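*Asks:* Sequence:
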Amino acid sequence: MSELRIEHLTSPEIADALASGMRTAILPLGATEQHGAHLPLSVDSDHADRLGVLVAERLGDALVLPTVRLGCSAHHLGFPGTLSVRPETLEAICFDCCESLAVHGFRRMLIFSAHIGNYPLLSEIEAKLSSRLTAELDVVAFADSAAVLDAWRTAVADLASQVGGHADVAEGSIMLALRPEAVRADRATPGLAEPMDDALLARVLTGGVKAVAPNGVLGDPRGMSTDLGFACLSAVAALLAEYAAARYRPLT
Numbered sequence: 002m003s004e005l006r007i008e009h010l011t012s013p014e015i016a017d018a019l020a021s022g023m024r025t026a027i028l029p030l031g032a033t034e035q036h037g038a039h040l041p042l043s044v045d046s047d048h049a050d051r052l053g054v055l056v057a058e059r060l061g062d063a064l065v066l067p068t069v070r071l072g073c074s075a076h077h078l079g080f081p082g083t084l085s086v087r088p089e090t091l092e093a094i095c096f097d098c099c100e101s102l103a104v105h106g107f108r109r110m111l112i113f114s115a116h117i118g119n120y121p122l123l124s125e126i127e128a129k130l131s132s133r134l135t136a137e138l139d140v141v142a143f144a145d146s147a148a149v150l151d152a153w154r155t156a157v158a159d160l161a162s163q164v165g166g167h168a169d170v171a172e173g174s175i176m177l178a179l180r181p182e183a184v185r186a187d188r189a190t191p192g193l194a195e196p197m198d199d200a201l202l203a204r205v206l207t208g209g210v211k212a213v214a215p216n217g218v219l220g221d222p223r224g225m226s227t228d229l230g231f232a233c234l235s236a237v238a239a240l241l242a243e244y245a246a247a248r249y250r251p252l253t
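Residue numbers (this note's numbering): 2 to 253.
Keep in mind that the hints are not guaranteed to be accurate.
[Said to hold, decoys possible] Label-pair restraints from in silico Cβ distances: (1) Thr135 <-> Leu201: 34 to 44 Å; (2) Thr90 <-> Ser131: 18 to 28 Å; (3) Val213 <-> Asp187: 38 to 48 Å; (4) Gly82 <-> Ala194: 39 to 49 Å; (5) Asp97 <-> Gly22: 18 to 28 Å; (6) Gly79 <-> Ser21: 30 to 40 Å; (7) Ser131 <-> Lys211: 14 to 24 Å.
No lab work stands behind these hints, which were simulated from the structure alone. This one's a predicted model, so the numbers in the text were calculated from it and none came from an experiment. Note that the Cβ used here is the ideal one computed from N, Cα and C, for glycine as well.
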């Protein structure tokens, strides 16, 4: 199929896809939150939009749901414009999407997030959803932020030290690849220089981004480029597709 996004297909086209064996759905999670002075609040959602299609193309039997464009972003509320939902709200949306698709015959669901702030929720959601769903659906959720950051570091090569996880050289490059007109390159400045690890992530999630990075940037966006953006997108799409393929149970 040339179009893999459910929202752009008709209902009969989706029925035909199911009949042909396309029983996997992908639910991308994003966010609407600050990304420094140089990137729009849509970064994570724009990123998730594209990753969803790239992963579906790699899996070969998947359709993509609309990206959930609000996420768990309380740690960014120190910056104007950021919107945040409660974890239980996001979990309820994931459950309702799974329940809806299971009714129609989808058998697998991959949930991933382009916003690391959603990862604590995703690390626990598989068992929660599986215990509540009334129809059979194999739910796989990706929640390995370290693997994503490692993929970005490999993709940006010599600029690996500038990957901090938020509004950095990787995310800036991804936006140059996706929506170059939205990038305010002249406003790009470095932020917190500490490498992202579990301890720093815990500080960010509990104390807020502004406490550790007053300009809202974790890492350094300087040197961002379109080519690096496509490399980052490809690396993470491959990571997600490989993870899903390894985790899914065989269809019977």
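*Asks:* Quick check: which numbered hints come out false for this structure?
*Replies:* 3, 4, 6, 7
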